[in-house]
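Sequence order for the protein chains is H, D and G. Taking numbering that gives the first Met the number 0, I'd label the letters of the first sequence as residues 0 to 401. Taking numbering that gives the first Met the number 0, I'd label the letters of the second sequence as residues 0 to 401. Taking numbering that gives the first Met the number 0, I'd label the letters of the third sequence as residues 0 to 401.
Hints may contain errors.
Where chains are identical, the list cannot tell them apart; a pair therefore holds if satisfied intra-copy or between any two copies.
To be verified - Below, simulated SDA-like cross-link-like pairs (lysine to any residue); rule was C-alpha separation at most 20 Å, straight line: (1) Lys290 x Thr318; (2) Lys17 x Lys202; (3) Lys323 x Glu296; (4) Lys145 x Arg353; (5) Lys145 x Tyr200; (6) Lys17 x Gly396; (7) Lys128 x Asp138; (8) Lys202 x Gln307; (9) Lys391 x Asp58; (10) Lys240 x Gly218; (11) Lys249 x Arg11; (12) Lys279 x Glu230; (13) Lys290 x Leu300; (14) Lys391 x Ala381; (15) Lys323 x Ala390; (16) Lys391 x Arg55; (17) Lys145 x Glu49; (18) Lys145 x Ser50; (19) Lys358 x Asp138; (20) Lys358 x Gly147; (21) Lys320 x Asp255; (22) Lys17 x Ala244; (23) Lys323 x Phe179.
What the hints contain is simulated information worked out from the structure, not anything from laboratory work.
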Amino acid sequence: MSAVDKYVEALRALDFSKMFNNDFFLTWEKTKDEIDATFLVADALRALRESNISARIFDSGLAISLFRDNSTRTRFSFASACNLLGLAVQDLDEGKSQVAHGETVRETANMISFMADVIGIRDDMYIGKGNAYMHEVADAVDQGYKDGVLDHRPTLVDLQCDIDHPTQCMADALDLIHEFGGLDNLRGKKIAMSWAYSPSYGKPLSVPQGIVGLLTRFGMDVVLAHPEGYEIMADVEEVAKKNAAESGGKFTKTNDMAEAFADADIVYPKSWAPFKAMEKRTQLYGEGDQKGIDELEQDLLRQNAQHQDWSCTEDLMKTTKDGKALYMHCLPADISGVSCEHGEVDGSVFDRYRDPLYKEASYKPYIIAAMIFLAKVQDPTAVLQDLAVNAKPRLLGAPVGH
Amino acid sequence: MSAVDKYVEALRALDFSKMFNNDFFLTWEKTKDEIDATFLVADALRALRESNISARIFDSGLAISLFRDNSTRTRFSFASACNLLGLAVQDLDEGKSQVAHGETVRETANMISFMADVIGIRDDMYIGKGNAYMHEVADAVDQGYKDGVLDHRPTLVDLQCDIDHPTQCMADALDLIHEFGGLDNLRGKKIAMSWAYSPSYGKPLSVPQGIVGLLTRFGMDVVLAHPEGYEIMADVEEVAKKNAAESGGKFTKTNDMAEAFADADIVYPKSWAPFKAMEKRTQLYGEGDQKGIDELEQDLLRQNAQHQDWSCTEDLMKTTKDGKALYMHCLPADISGVSCEHGEVDGSVFDRYRDPLYKEASYKPYIIAAMIFLAKVQDPTAVLQDLAVNAKPRLLGAPVGH
Amino acid sequence: MSAVDKYVEALRALDFSKMFNNDFFLTWEKTKDEIDATFLVADALRALRESNISARIFDSGLAISLFRDNSTRTRFSFASACNLLGLAVQDLDEGKSQVAHGETVRETANMISFMADVIGIRDDMYIGKGNAYMHEVADAVDQGYKDGVLDHRPTLVDLQCDIDHPTQCMADALDLIHEFGGLDNLRGKKIAMSWAYSPSYGKPLSVPQGIVGLLTRFGMDVVLAHPEGYEIMADVEEVAKKNAAESGGKFTKTNDMAEAFADADIVYPKSWAPFKAMEKRTQLYGEGDQKGIDELEQDLLRQNAQHQDWSCTEDLMKTTKDGKALYMHCLPADISGVSCEHGEVDGSVFDRYRDPLYKEASYKPYIIAAMIFLAKVQDPTAVLQDLAVNAKPRLLGAPVGH
């Protein structure tokens, strides 16, 4: 039996045909089958690579990355995913390029896409902007393809926007699938997606929004906890409610961290900025009002400081299921006594979960690769089987197979 | 019949043997056969790629890019071309490297070339400098090869210098070949290479120079139009005259935009800086006279402002052949009412030609790839046929062939 | 006979099994067999490439580069080596990434390593820091591998630290092997590793330390010369003494440049900063004492200026063996009358040795590739033979073989 047979078999039961030549923006825009297919392909690609079997489907090809915010993890995950499939990454650096000099998005999108198979964008800083910008790019290359300017349709992968962080949340979910021994085992599990105090300011909302928007699809008991005033986007809450209703799960909110943690199977304590404040910041930024932005920052830091008790302490962890809830984080975390005086999590808690946290992160390159694979390959099961049967070694001279 | 048969057949009639192990600087340094061969190989490589057939001739190898000016299009075109052929691009970033710290060109050129197959340079800012610098690099690696320091001779590709912009102009010409249904159909066609007003300052002369230096070789009626004082390099005008005489075409100059546009088949309205001003700027730069440079900039902006009427308006377009001349631009354009109040072209004109403009740009990666291919491959027709016959899919599992 | 047979044969006599899945830090941490194996594999890889035979052992894979100091040569050598073997380089740019924002080394090292085969680091600026940092990274990925976070163990290559510059010194040694016609011919040869005056300040000690730490292993007569006060690390002197005793060579020190040059077969005149000053600088840097650093710089420049007579002049060269010692330098050199008024070497001396200097540098990419090869390939002789026998052309259509 080949390294990918079980994934291929599971894939046969799913309908994911619309992922071909499509993009990956928000997880809730994908059907349950499409989400499941992404997990399976990610696992299959990992099985290939860990068996020293090349998963290189592109003999040549470009992947373009556009990071409008600093990034280590997502940048390297994207680079790893593209390399795994045979694509070379070309950064579109707005400092180096002419993008900043008044070019329209439409023009640039076409100009960089003549030989681009994938475009990955991170644009998470301004509410109402990041996801909209990505759609503008996707629409532009769509039009370019229809107009015959491009002979192919580059796939857009959302590497974090103002609404969702799909590659992170899908990787988190795949980690949970493996931690709990299967997707079905997530049913009924309680996860506390909780705000936590950080001395820094203005962290994106995309992770908490992405988590409640995704995990509610698996019949989980999803609790969103935050102090008053730290609401996430109302639209995403509606998505989470609807998902929970459909999946037989639960979506509840609380302003009490302890309530969220009580008997939780999984906790995800993380700082974020209030949605309304981020909206105001976006407006001030649009007006070029730096003074207003600075004042807003001071206000938010003061507001944050009132909630230093929102921290993932050892005492709080004891109240979780058997005192052993899985602690998750997208990293880097603000760790009390390590990276700051008071932060999101006690140093001892973080330390105990270091390996699980790293494993959680390890799924992201494979999730991104799966998103690309499903968008570019017309018959994913056939190609996965071909790769496994041909079993071209990734590293010459090393054993093939586990 | 394979995807490249017709190009291979046409190539057989041409003599381009001296392109092997050579560089690509100015188009007028190449014979007509060599220019034609470059078009044919570009088309052949495009046919391969659009048939999902790998054109990867390098199993490994490096292409070095050195951009002394910001660039999106050319950077991505170069990256695309190199990737198509199997080369990885390594940027020589003068900020990051020690080039800025007094190293001689000769030393650096050799140090970066031990495994470099191609060196692409953009250096267009200073009159008398860019092309000279590229030759210095080419001479250095030539010497390195002769002295046994390098076991091979890296190929230099001029990605825009102070004299010519060969990759742009060759791509423009290939676009015209396809727009007009063949190289022979360009004979007698009138093109207006015209200065146009832009509120910005100091745009390079390489595009107008490259256009009149190249298109005069195809028997075209090439009109160079600009206000008095916006002369291009006299040497290039001589080249254009000589070309026109040899090809049975025409090269004329006028200070009247309307005259140039009248009954033109193609118009290329674009801003550039006066040659003499750029020469003075180079001198001031050499003297480190920032005050002088600033004053020159103000002078030039004032001079420009006197010619706001040099714009590609709807009215002017109506005077062209059937009112339907092909509008060309190397992009990005300064568009009236879009990117600036008054610019090179009316918004409605630009909008109407958006798709043709994007198609024009789409040839550049293939032109660059063809330049590299012809310089590195000893028997290009044989290798093109091999690629077509072996038909290795670029993307696994996708259909091969149109 | 294949291109690599003689190297493979020589390799069979050596024990280098512990290099597999290991790192390359200091040369004196490697056995003599391991050092010799690195030379042989470097030569074999060069023979393959110069025969147009692909040495690509990775079908896909990432190499991460982290340069904490500007670099052209080492950056390009690393990129060339990785490309030769099939790895794509991904820069970890501390400006772009979140490394600077308080992440622990352990976390970052794991986060970037999920698909990384190699990590190359240059960190040479602070005494007691660079090598320690590299070990921290190596330990982190070691732990990650043991903990199951990583499915493989990325190899660390020291691209220059505060103690050694192993890729430079191994390349220098391989150059000597070829210059003198074999490793055995180095026995008894006198090399003057001498301080030389430079108007700049604070050059790393890694080259002189690396040279005396490595060349003493080959039975050479190694003389370290410098003015009083320019001592290198005492630990490295001990290593050199021990090496010389074991190899039947010599390691002596002098404060007289002429004595070192007298009858030398090889001279390596190069500026460096006094160890104690660099130690103090590291301390001041740690304290954030910029004023102290500036004062130290002035002191050191004054101290340097007292030793302008320490220069590799034509007169001094005449005193070497037959007046024809091989002049070596890691480049770039400070050349009297060229890059500075008074520098490390006379312009005419440098000029005469330009080709040998470039050849010296040409070995670095192959040395780095050999270090990676030996760390990643379990049976290097078998894989080298496979590559030679399969003889896949690196460039399609070019002749295979010399």
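How the hints compare with the structure:
1. Lys290 x Thr318: Neither: 44 Å inside a chain and 53 Å across chains, both beyond 20 Å.
2. Lys17 x Lys202: Neither: 33 Å inside a copy, 46 Å across copies.
3. Lys323 x Glu296: Neither. Shortest intra-copy (36 Å) and inter-copy (55 Å) distances fail the 20 Å Cα cut-off.
4. Lys145 x Arg353: Between copies, since 13 Å is at most 20 Å while 48 Å is not.
5. Lys145 x Tyr200: neither (43 Å within a copy, 36 Å between copies)
6. Lys17 x Gly396: between (39 Å within a copy, 17 Å between copies)
7. Lys128 x Asp138: within (15 Å within a copy, 41 Å between copies)
8. Lys202 x Gln307: Classified as within; 16 Å inside a copy, 47 Å across copies.
9. Lys391 x Asp58: Result: close both inside a copy and across copies, 13 Å intra and 8 Å inter.
10. Lys240 x Gly218: within (11 Å within a copy, 70 Å between copies)
11. Lys249 x Arg11: neither (29 Å within a copy, 66 Å between copies)
12. Lys279 x Glu230: within (14 Å within a copy, 52 Å between copies)
13. Lys290 x Leu300: within (15 Å within a copy, 33 Å between copies)
14. Lys391 x Ala381: Both: 16 Å inside a copy, 18 Å across copies.
15. Lys323 x Ala390: neither (41 Å within a copy, 56 Å between copies)
16. Lys391 x Arg55: Classified as both: same-chain Cα gap 9 Å, cross-chain 13 Å, threshold 20 Å.
17. Lys145 x Glu49: between (39 Å within a copy, 15 Å between copies)
18. Lys145 x Ser50: Cα proximity of Lys145 and Ser50: across copies only (18 Å, versus 40 Å in one copy).
19. Lys358 x Asp138: between (35 Å within a copy, 17 Å between copies)
20. Lys358 x Gly147: Result: close only across copies, 8 Å inter versus 43 Å intra.
21. Lys320 x Asp255: within (17 Å within a copy, 74 Å between copies)
22. Lys17 x Ala244: neither (25 Å within a copy, 58 Å between copies)
23. Lys323 x Phe179: Answer is within: at 13 Å inside a copy they meet the 20 Å cutoff, but 66 Å across does not.
When held up to the earlier numbered hints, the structure conflicts with 1, 2, 3, 5, 11, 15, 22 and fits the remainder.
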